[in-house]
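Just so you know, we're using our numbering here: the sequence shown kicks off at 3 and counts up by one.
Hints listed in this document are in silico derivations from the structure and should not be mistaken for laboratory results. Fair warning: this is a prediction, and the values are worked out from it, not measured in the lab. Among the hints, a few may not be true.
[Claimed, not checked] Below, computed lysine to aspartate or glutamate pairings styled on EDC-like, alpha-carbon distance capped at 16 Å:
1) K148 x D210
2) K179 x D268
3) K147 x E207
4) K296 x E263
5) K197 x D167
6) K58 x D132
7) K153 x E207
8) K291 x E263
9) K179 x E263
10) K16 x E111
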Amino acid sequence: MKALRGVCRKLKSKIYILDVDFTKDIGGAGKASKDIIFGLANFYEVIFIPKYAEIKNIRNDKTREAFSNFANLLLNYGIPIPSLIIKYVIANSDITLRGYIQILTTVIEKRALVLDLNYFPYLNPFNLQDLLKEFFFFGEIYYLKKYNKCKISALLQTLDNRPIDSHFAFALRCLFKFHFFNLHFLFKSLYRDVKDVFIIPKFIEFSDKILLYSSGSLVSLKVKQQDKKFQILNIGNTIEKQSTVLDKKNYILYFARLIPEKGIFDILYIFREILPHYDIKLVVASEFKDDGLKRAFFSQRRKIWTIKK
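With these hints in hand, go ahead and build the complete structure from the sequences.
See the structure below:
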């Protein structure tokens, strides 16, 4: 939090924070967003701006009620959502991207400080027309920079620590080496290879400050560590408390979403190199996304852990 405060120092005390509804995100990004928002609210006037990808999913009375409850929750902490956005959501069943961008450029002040807590502009397209629109979408902060001349900071939480043009190669590796086939995973990886290479240079150009959790993300972005536009936040991300274990047994704990992007297959090969040298166990916590991934994982475990100490 101290590092984020440093980014905001000497700038306006009002901050517009863009994010999805973090109450629905059970991953580390959601927890980090919650910590940052409530933390900055202790020092600055925070106005929360939901992203279009979240607003787009508010389509009926049930989702509108959930959105209203979320807005009231934030308000209890002194964090408002602009009333024009709330009225727009409640009154409209078909919210267009253009209409929502017009609302944002109206409610956010000129040259205001804007922080996107989880940049990577995806709209969850439902059809071919949406897919074409989503490909050329640079995120809300692009329009706020272009039309409102805002001071733009963005935190890259979901950026993989691999080159931005290597997702499809990684998916093919999972298919041929790990025997994990998932059509959605293959298509998503190919799409990211194409879109990320297209949007990243533009994103770097219009952003004033880019925040990262890891120096590995600099490798992914193919930028030099000396570039002052990039700042690595040396903080304990999503850690609630620390415990001291006096008599810990010899084991390695792997705790993450069990998906290929998080290295669930790679950990097997890493542990294979460790196992001949140490009397140690690997403990995998969490649950698999689907049965196909679970079968592929245990099949690989039997295949590669056939080494003699």
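Q: Could you tell me which of the hints above the structure violates, numbers in ascending order?
A: The structure breaks none of the hints.
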